[in-house]
Amino acid sequence: MAEITLDVCQLQAFAEVGYQVAGGGGAHGAMTALRRVVPVDAYEFVAFDPATGRHHSVMSDGHRRIDGDAAEEYAGLDAYRTALATRAPVSMPQPGTERYFRRHLAPYGWRAGLTAPLFLNEGRYTGLLHLASREAFPRRTGALVAAVSPMLAHVTDLTRCVIDPVGLPAGFRAVAFDRLGIRREVPGREVSAALWDDPAMAAFARAFIDSRELSRHGLWFDGRGRWHELRLLRAGVGFQGSLQGAIAAERPCSLPYDLTGREVDVLTRVAAGDSNPQIAAALVLSVRTVTTHLEHIFAKLGCDSRTRLTTKALAEGLCRLDV
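Counting from 1, one number per residue, gives the positions in the sequence shown under this note's numbering.
Do not rely on the hints blindly, as some may be mistaken.
[What the hints assert, rightly or not] Label pairs and their computed distance ranges (CB to CB):
no., residue 1, residue 2, range
1, Glu316, Glu72, 42 to 52 Å
2, Ala282, Gly188, 31 to 41 Å
3, Ser275, Glu122, 20 to 30 Å
4, Gly188, Ser254, 18 to 28 Å
5, Gln278, Ala299, 56 to 66 Å
6, Asp197, Gln94, 42 to 52 Å
7, Arg35, Ala207, 44 to 54 Å
8, Ala299, Ala207, 30 to 40 Å
9, His154, Arg251, 25 to 35 Å
These are calculated hints, taken from the structure and not from any lab test.
The model shown is predicted, which means the values in this text are computed figures rather than measured ones.
Ideal placement from N, C-alpha and C gives every residue a C-beta, glycine not left out.
Construct the entire structure; sequences and hints are all you get.
What follows is the structure, given as structure tokens:
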């Protein structure tokens, strides 16, 4: 087999270009670029799901078969723990990997294996890249793969995995949550720093996930005194979208219909079915003040009954969402 002649710096630059050029090609596009300088006959990307603490094979090429229990079995080896500690690829077979090699590689014709732990530049572990070859790998293969592993780590980053964010309008910044409170980016959407950094948002999303609602729409007053239009939608997150999750999305806004913050509070209570005395008690106002607020709200929204007011408020998301 020909010796690799490209140095590490050149390969890292080349792989970055290849990864960006691949765009929608994702893992396969990245590996197509890598294969030009690293002799690989087969590969498998294994993702680590932080929500479950388990590994899953997510994509592969060149294999006739991937054993379903191989990912978790490898995670039980000392070689795996060594790879995490050193962040360096581990070749196979070597002491401690012989049984794994005989079971999962040798029966399919592979003579050499190489497994690289994948860490993002920020230091977060996302999974593994398994490489297989019919011949021994050239000497510098491990170093070259290690050099590009921070870029390949994005392929197995399940915190970015969100399935079917249907019904999210343009212009909203978003964050996805699962029931454990783990946050994920939403592909194609700018991350909302306001939602990401709010300590109460994960619990709010979890309550929505546990409800029977398909969506929720309203006004949110953040911790910095700013109003946002806030929407919550159901979505599958994690490995293959298998976890129940929610997308929280927001965009800054002015209060509609020239409503004041106090009028939004009163309107929210009306939509919940509260009477004027109940609203007064909840908001620590007099009944007369509540009545005055309601008169202004009816005029601004052009409604002549509490029923119509409630229907309009719910349909247009005019109620305050208590995060």
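The hints, checked one at a time:
Between Glu316 and Glu72 the CB atoms are about 49 Å apart, so this pair conforms to the stated range of 42 to 52 Å. In this structure, Ala282 and Gly188 meet the distance hint of 31 to 41 Å, their C-beta atoms being roughly 40 Å apart. A beta carbon spacing of about 53 Å between Ser275 and Glu122 contradicts the range 20 to 30 Å that was offered as a hint. Remark: the range hint 18 to 28 Å for Gly188 to Ser254 is upheld by a beta-carbon distance near 26 Å.
Gln278 and Ala299 have their C-beta atoms about 22 Å apart, which leaves the hinted 56 to 66 Å range violated. Here the CB-CB span from Asp197 to Gln94 is close to 44 Å, well matched to the stated 42 to 52 Å. For the pair Arg35 and Ala207, the beta carbons lie near 47 Å from each other, so the given range of 44 to 54 Å is met. About 34 Å separates the C-beta atoms of Ala299 and Ala207, a value consistent with the hinted range of 30 to 40 Å.
Checked against the given bound of 25 to 35 Å, the beta carbons of His154 and Arg251, roughly 27 Å apart, stay inside it.
Taken one by one, the earlier hints fail for this structure at numbers 3, 5, listed in ascending order.
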